[in-house]
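K.L.:
Protein chains in written order, with our numbering: chain A, 1 to 325; chain B, 1001 to 1080; chain C, 2001 to 2291.
What the hints contain is simulated information worked out from the structure, not anything from laboratory work.
What you are looking at is a predicted structure, and each value in this text was computed from that prediction instead of being measured.
Mixed in with the good hints, there may be bad ones.
[Claimed, not checked] Restricting the straight-line Cα-Cα distance to at most 25 Å, the calculated cross-link-like pairs of lysine-lysine (DSS-like) are:
| id | chain 1 | residue 1 | chain 2 | residue 2 |
| --- | --- | --- | --- | --- |
| 1 | A | 258 | A | 178 |
| 2 | A | 178 | A | 219 |
| 3 | B | 1045 | A | 219 |
| 4 | A | 258 | B | 1045 |
| 5 | B | 1077 | A | 178 |
| 6 | A | 258 | A | 219 |
| 7 | A | 7 | B | 1045 |
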Amino acid sequence: MHIKVIKPGLATSVQDAGRNGYYHLGIPPSGALDQYSFRAANLLLGNAETAAVLECTLLGPQLQFNVACQIAICGATMQPRINGQPQPAHQVLSIATGDTLDFLPAAAGMRAYLAVSGGIDLAEVLGSRSTYALGSLGGYQGRRLQAGDMLTLGAAPSTAAPVGRSLPTALQRSLPSKTTVRVLPGLYAHRLRPESATRFYQEQWSVSSESDRTGYRLKGGTPLQFQPREAPFGAGADPSNIVDAGYPIGSIQVPAGKEPIILLRDAVSGGGYAMIATVISADLDVVAQLQPNQGITFAAVDMQQALQARQHYQADLQQLRQALG
Amino acid sequence: MSEHLIHATLPGTFYRRPSPDAAPYVAEGSQVEAATVIGCIEVMKQFNEITAEHSGRLLSFLLEDGDAVEAGQVVAKVVS
Amino acid sequence: MSIRYTFGGDEFLFAEVSESMSLPACFTSMAITGQLRQLQIPGIMEICPANASFQLRFDPDILPAEQLLQQLQQLEQSLADSPQILDTRLVEIPVWYNDPWTREVGARFRQRHQDPQATDLEYAARVNGFASVEAFIAAHCGAPWFVSMVGFVAGLPFLYQMVERQQQLQVPKYLSPRTATPRQTIGHGGCFACIYSVEGAGGYQMFGITPAPIYDPAQSQPYLADSMVLFRPGDIVRFKPIQQQQYEEAIQAVADGSFQLDIFPVRFSLPEFLANPQAYQQSLPGTHHAH
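In isolation and in its complexed conformation, chain A is listed as follows (with noise of 0.2 Å):
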């Protein structure tokens, strides 16, 4: 009554909605990087919405399944097959004792999410499935899938979802290539020169390949000037440097000007560079979709832009339930 993994992919991992109040002693949230995908997933199969599933990211796993069960995959283009067969994503899929699951590489966005009904079942570590490798914490043992590793499956909802029942396209996530985010400035922003701090938002950046859980690293656009300065005690020379505090998740810091880096949901919880501004929360789950060198654009809102996008996405979020409950 087991899945095993027969492959791992480039970097699967157990993840749910995260954990909260552990930020402090610097453990992130952690939890799927695309939230809206992954609640789909299991709202299509009848889960609970926040159960634990596979975040596939690029290259999905070779899975064999010892066990039946319902699985539904939601998030990036990456085309599942099950014994080969290729099925549909958005869907209520039907796995019989035996089958072997496994996905083409990603055709469109990063990261897939994977339900099975019932969920991953583990142990939860401070109120959370989900993996925070760098602590070696939660999710499987601490760390992204091995080949070998063994998954067991929670109780299955008491009613099964239909097979055949899909995700409405309406509300499927777009996957483009460039996108941009809209992010509320302030943080350490006054520090940058004015024409810096403009011209952050006029350029096209795109997605270092090294980027992953904990940031994702941008590329491409004119290196950012901060202001002069005599540096204050314990800030650290470089103008980029500030005394070491907490960095918000979301939040985009420049070390150096050079390559600014955007904290998902691993993040480090501090550290000394300037912050110039944070991706609203609403936009998180598109940054994470993006692939290495994609391109993203930043448009600055205020808080009460940031707020009505939070409201849509909320009501996003209460269609999906409507739909699937």
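Please arrange chains B and C on chain A, whose structure you already have, making use of the hints.
P.N.:
Here is chains B and C on its own, set in the frame of chain A:
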């Protein structure tokens, strides 16, 4: 004689050599087997090897060492 | 001193107490965040004190941003004249200075260092005007350190030495970060010491290693029974030099899950400390008083 295009399966950064100061995996014009490693793609600090997939002669690379690469992009041509 | 508040997106409020590091700035951050923790205001999800700042994560659907900001400003006012006293603890951390592991890693990454010819300790001693590595180590373990922040990665403490500013040890970080640092390395960057809680990348100079796990999800040592993270902001740390034999004995105890740390309760008074740092820190408890 037929020409085969070798595609990248992953996006990332393309490298023709295993490390910056090493020799290239293969030179243009050399003989390759299907399992011969001809380059690698770095993504999320992991290096994923690309094999020739066909035996024959590696005609040319379409990417330079260190170039950005998209999934599906042609990396090299092999003639057999 | 008035705090600068700024929002980090729609879920974070960032508060800069001071642009520069100081114990009073850190104390203000801890006083406000400590009070907030007690108030248990619905909608506040994370309360993160830092060296000279703090940040909160909140749910704007429960607690509107403007309302949170007003509450904080009121709290800041109300705490302005409160006594600067902290009930905390002093933790003694054994350190094998100049140990073979950090020396080996340091040697491996020499090309990323300002002074490839010297070791990290030799460099740190020189830039701080000490005649020898021994004199530098004596200063490093001669006065206690204040845990001014926990973070970067899980359980990593930033430590600020409890001496007057002109005596603060200051060492630049590596020119570019190493890709490896042994777990439990005693590091130093700028004016902060740290203890690397996990193996990984790092840019701080490396001075030694402690056998004591400070972050352990398995909670194998008695002092980690309540929490997988040892340190809290506000803890006071005294480094205690040990040699190879004591280190190896300690490692054996760690393997058995029976390693003990000396931990003492302390009532810390900031004004008394600031009035005479030297005398005050010598009055703190510790095993050095036992002989």
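K.L.:
Looking back at the numbered hints, which does the structure fail to meet, lowest number first?
P.N.:
5
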